[in-house]
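In order, the protein sequence lines correspond to chains A and B. For the first sequence, this note's numbering begins at 1 and goes up steadily by one. For the second sequence, this note's numbering begins at 1001 and goes up steadily by one.
Derived by calculation from the structure, the hints in this document are not laboratory data. Errors might be hidden in some of the hints.
What the hints assert, rightly or not - Think about it this way: if two alpha-carbon atoms lie no more than 20 Å apart in a straight line, the pair counts; the simulated DMTMM-like pairs of lysine to aspartate or glutamate are:
| no. | chain 1 | residue 1 | chain 2 | residue 2 |
| --- | --- | --- | --- | --- |
| 1 | B | LYS1278 | A | ASP63 |
| 2 | A | LYS128 | B | ASP1340 |
| 3 | B | LYS1278 | A | GLU136 |
| 4 | B | LYS1127 | B | GLU1172 |
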Amino acid sequence: MSEFLQQVINGLSLGAIYALIALGYTMIYGVLRFINFAHGDVFMVGAYIGFYAFPKLQPLLGDGYGTAVAVLLAAMIGCGLLGVTIERLAYRPLRSRPKLTVLITAIGISLFLEYTGQLPVVFGADYKTFPTLIPETTYTLFGGVSIGSTQILVFVVALALMAALRVVVLRTKIGTAMRAVSMNMNAASLMGININRVISFTFFLGSSLAGAGAVLYAISYPKINPLMGILPGLKAFVAAVLGGIGNIAGATLGGFLIGTAETMTAGYISPSYRDAIVFGILILILILKPSGLLGKGGAEKV
Amino acid sequence: MRYRLLVLTAAVACVALGGCTGKNDKPGTAAEGNTIKIGHYASLSGKEATFGQQVDNGVKLAVDEINNGGGIGGKKIELITEDTQSQTQGAQNAVEKLIGKDEVSALIGEVASGRTMAAAPIAMREKTPMLTPASTREDVTKDENGNVAAYIFRICFIDPFQGTVMAKFAFESLNAKSVAVLKDNANPYSVGLAKAFVEKFKALGGTIVEEQAYEGGQNDFKAQLTAIKGKNPQAIFVPGYYTEVSLIATQARQLGITVPLLGGDGWDSPTLTQGEAKTALEGCYFSNHYSEQDTSAAVQDFIKRYKAKFNGEAPGAMSALGYDAMMIIAKIIKDSGKSDRETIRAGLAALKNYKGVTGNITIDEHHNATKPAVVLQIKDGKFAYHSTVNP
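For reference, chain A alone in the conformation it holds in the complex (with noise of 0.2 Å):
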């Protein structure tokens, strides 16, 4: 029973970062009606921000949390620009064009990112360690279930972000105009809602929580590598689609459900099939309910 529970835990504390970078496939796909699938290499470059940002910032604040802290904004902000300008540049030029220009597009991006990232001169192929941001302490539970404060700061820091992106989706004016865009976007931009800055407000918000995302799953697993996004980032789009795309909450459930599915796979069937369930699981969802767990299939997405 015990190592039940452990592998719950292990499965939650993977799903929630699962679950960070499928917020941002979901809101975008919600504007856009596309698949952002370089969304993952984002969440890699937010991994590099913040090992090259942590030597930088350790000497002003010190050890503990004002670093990590000051490294996750680091990383939520930089990916957040960088996914404005991939916006700016790559996508807004085929807004008209069909969805699969702008699809293939994406894909370009991604690769673009992996490559230039393996560069001697920009990340380098090698893999890099990730700065222990945090000490790590192992808290033992009931009957010997152990949790490691690492853990427990990627559970509350992934529930707070949603928490914040919830807010920011249904009490502010950005998050209604969001909705607004989301329903009919020539229908928002008659009631004189700025598109383009609701568009580019969209990719930030998206982007910046992949690259928390990024710091939470580099301090558990602190080996970095510019590949390092790809599987991740196709777990996170599973993660939406079983969701329901487009759903926010439907994004939060799917993250923890595939976390849970893939430490479940690994721990009581075998570890070479994690990976297979996931998209397994992903083959099922679009065959039985296309839309997703909490998707309607109609209009009312963000």
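Dock chain B against the given chain A, drawing on the hints supplied.
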């Protein structure tokens, strides 16, 4: 448009054919000219970058010393190094290029058994001798039928021995009777080492309480470690490569596993103990080819020269093996006065009692070297000498 396409196709075909004929023009001409070409393929970048870079440094030090001493019979050694990017396909491409285009006399490489085994059929096909400095999996020097591969040699011990060393160490020195194993299923080295360990440990009377696996490149090992933790082993044998091992150690400690981890020469990298892994691996043990704390003159002198060339950086076991590999090929060329592929092959097959940095090297009829192993303990992030185990 169609015309242009035709021209383009023709041009491509010409280049391709030209490349082919160039390759088959003059086989075995590597010995002519004013230099002796030696090819080295290594993981200079990617997941096992430390291995490739260390071997490369060792080989370069040897080449420098040979060339600064006037070369061999008046000829300098021309070293051509190719990066495999820690990928199987990269190893095959590199070896095709080194043999076909550069026409090297002999090949050195790789460290990872999986990549050496992927490149070996090419060396066999082209009848080019290949000396691997550090691939320890048993069947590296065998062909697909299980016979001795005529052109593949190594100067390191093999996994049945390395696995035996760690099994005996766990059972006798650590007094561990129940051990768990966590191996990399995608890595032939890891699978081979785990098999050897399990067989020996059971033969000694110990129990393997849990066998778990991962695939190299994965980041999350908590599920496997949780399953291992439930069985309460007295030690965990993790015969993987350093990138994953440091993550495994960190996650094991996060899950409250406190027993020592044991491993093989795949752990040997300064990046093993970076970051969180430094405390996580404190007190753990692994087997290796040599220890820099070895007080023999050969080792200490090598360390001094290596540090002088590479800005004070200390050599790992891979550097010492790379150095020995290059020096052995040079000695064969010097003794025979010839540098064609067949002479080097025969010289490697007949190598006896070569006094290298990593010990006495004799290549046996299976093309393996029989050498002692050392057990190292991680203390304060450094690898401290613990004991030597003779075959």
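Task: Which numbered hints fail - done: 2 and 4
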